[in-house]
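> Each chain is listed here by its residues.
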Amino acid sequence: MTDSDITLAAVELDQTTLLTPGQIFRQRMFGHKGFLIGATLILIIAIVALLAPVLAPHSPFEQSLADRMLPPVWSEGGTWDYLLGTDQNGRDYLSRLIYGTRVSITIGLGAATVGLLIGVTLGVIAGYFGGWADHSISFLLTAQLALPGLLLAMALVFIIGPSIWVVIGIVGVLHWTYYLVVTRAATQRIRSLDFVAAAAAAGASPRQIIWHEILPNLMSSIIVIFTFELGIAILAESSLSFLGVGIQPPTPSWGLMIAEGKQAMFYRPWLVILPGICLFLLVIGANLMGDGLRDITSPEGRNE
Amino acid sequence: MLRYIMLRGCLAILVAFTVSLAAFLLLNVASDPAQAIAGEDATAEVVETIRARYGLDRPLPVRYLDWLGGVVQGDFGESYYWHKPVASLVADRVDETLTLAFSALAVTILIAIPLGALAALNPNSWIDRFALGVAVSAQAIPNFWLGLLMIIFFAVTIPIFPVSGDSTWRHFVLPAFVLGSSSVPAVMRLTRTGLIEVMGADYIRTARSKGFRGWQLLRRHALRNAILPVISVLAVQLGQKFGGSVITESIFAINGLGRLALESILGADIPTVQMLIFVFAIVFVAMNLLADILNAAIDPRIRIG
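Protein chains in written order, with full-length UniProt numbering: chain A, 1 to 304; chain B, 1 to 305.
So here's chain A without its partners, still in its complex pose:
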């Protein structure tokens, strides 16, 4: 090894030690194409949802029977008054799509949170205590995986009575397995590390160890799964609403809008195509962001 090699290595070493974890994180974040695309999509849709009353040119509920099924502005017969046309009740389609972001995001965030609470609680208990707790929770996991989720969700939403809160609760209760599998394995790993043993030796109770030593170290995995589950929950809600056992009219849910547009889809395909594109963009945004976060936060820091 020559002198210049050594200085080079020293400089490299210096650079990495100079960067704080936050800086490394930011560097990785802005170097990750998928993450940037996903985060941008999510950011735009979130802004649309927040500013819906300002952005929507019409009320999403106001019907105008004289203007039923108008095509979008670029096709023949479209008007600038209704940029993306109107639906079978003469409601402005753009405004309904804009308000639809609120339904999808509310249900996505709500259901992913319900799943998080169940999955992380069970995962930490199974991973930390092991033994019988672990065995019974693993059995619960196997049973949950065997349940036909969509079918059960449809039946329960229909029986209990469809509302946004019921859909959030049921989709959430049926989507906790991914959290459980990951937090259980991570807890087992963290539990055997020295700082946990040190905390235990210092007299910390299991409760304190879980809250102060284990959960903070699970945060990045939990956020990654939350992002994926957001997309999964949004797709689940849209399927339920499409089948008529989810969000009910006149609430503008994209899945419901596709079901309503289905009757006329051969003559007015945009009624089906537009809400589907919105769903696709939101879900792919969440998935790309999840993939990106996983790469960014993983110790190897794969940056591709």
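No wet-lab data here; the hints were simulated from the structure. C-beta atoms are modelled at their ideal positions from N, C-alpha and C, and glycine is treated no differently. Treat the hints with caution; some may be incorrect.
Unchecked claim - Here are the computed lysine to aspartate or glutamate pairs in the DMTMM-like style, where the Cα-Cα straight-line distance is at most 20 Å:
# : chain 1 : residue 1 : chain 2 : residue 2
1 : A       : Lys262    : B       : Glu263
2 : A       : Lys33     : A       : Asp194
3 : A       : Lys33     : B       : Asp128
As the list claims (entries may be wrong) - For the chain B half of the interface with chain A, some residues (derived, Cβ under 7 Å), not all of them:
# : residue
4 : Pro142
5 : Val173
6 : Phe284
7 : Val285
Since the structure of chain A is provided, determine the placement of chain B on it from the hints.
Chain B in isolation, oriented as in the chain A frame:
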């Protein structure tokens, strides 16, 4: 090996009954079946008569054991909606769903494995990126929406496949594509990673040094080993196809179990819903068991450990 299969088999049966118990409790606690049979406008008196006639006034555990006793003898009760034995309703419609599930699996295999193999053989090439793009997009496309797009496209633009019904094999082409595409991302990624791992193994280097190249190397050496984990995932995916049939069958008007499920839910027909949940769970559990056994047969570390 036999001991391992027995153990897994017992666990599978236990899981199936746990699932049936959970479904029974959830459905019967959340709803009032007597009210559902009588209809929403029925008087309290009528509802009570029905409750007594169907034995719905007994405590839940008794009703579950009663149901379970019937199931063991192949009797799943009578449909509230069609007024026929549930088991015969399901038997009438199982063929359509089996055809759909297996053809969907065929579609998955035909798309995912070649794509995954091509991506693995040319890492970071355009085909690898294309495969990744397909996987990422397929995961984000709502299945029912893809179905409707297919219908719009094939009914109007290129009418080569029928878009509704189940009378000929041609009717199953589009539904199988839609249902099958949902498994493509998982199977494709697994084929790719498995093959990349195998291609780095020593025995592949030996085969290369002996002059094997391209397709021959892939077929005679690499694919055989990389395909093993894929087979077990395919079994699990086949199990999920039954649950997934609800959406596909209702879009393409296929008269199978998925459509029966939707109809019985909308008709508040609890016995039929219960049996379908049980049947789908059994299929899923059986496919998982099959996957476990395949894995154990292939990899001795599993059956001993």
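> Each hint should be assessed against the structure and marked as holding or not.
Do the hints match the structure? See the list:
| no. | hint | in the structure |
| --- | --- | --- |
| 1 | A/Lys262 x B/Glu263 | holds (18 Å) |
| 2 | A/Lys33 x A/Asp194 | violated (36 Å) |
| 3 | A/Lys33 x B/Asp128 | holds (16 Å) |
| 4 | Pro142 | holds (5 Å) |
| 5 | Val173 | violated (19 Å) |
| 6 | Phe284 | holds (5 Å) |
| 7 | Val285 | holds (5 Å) |
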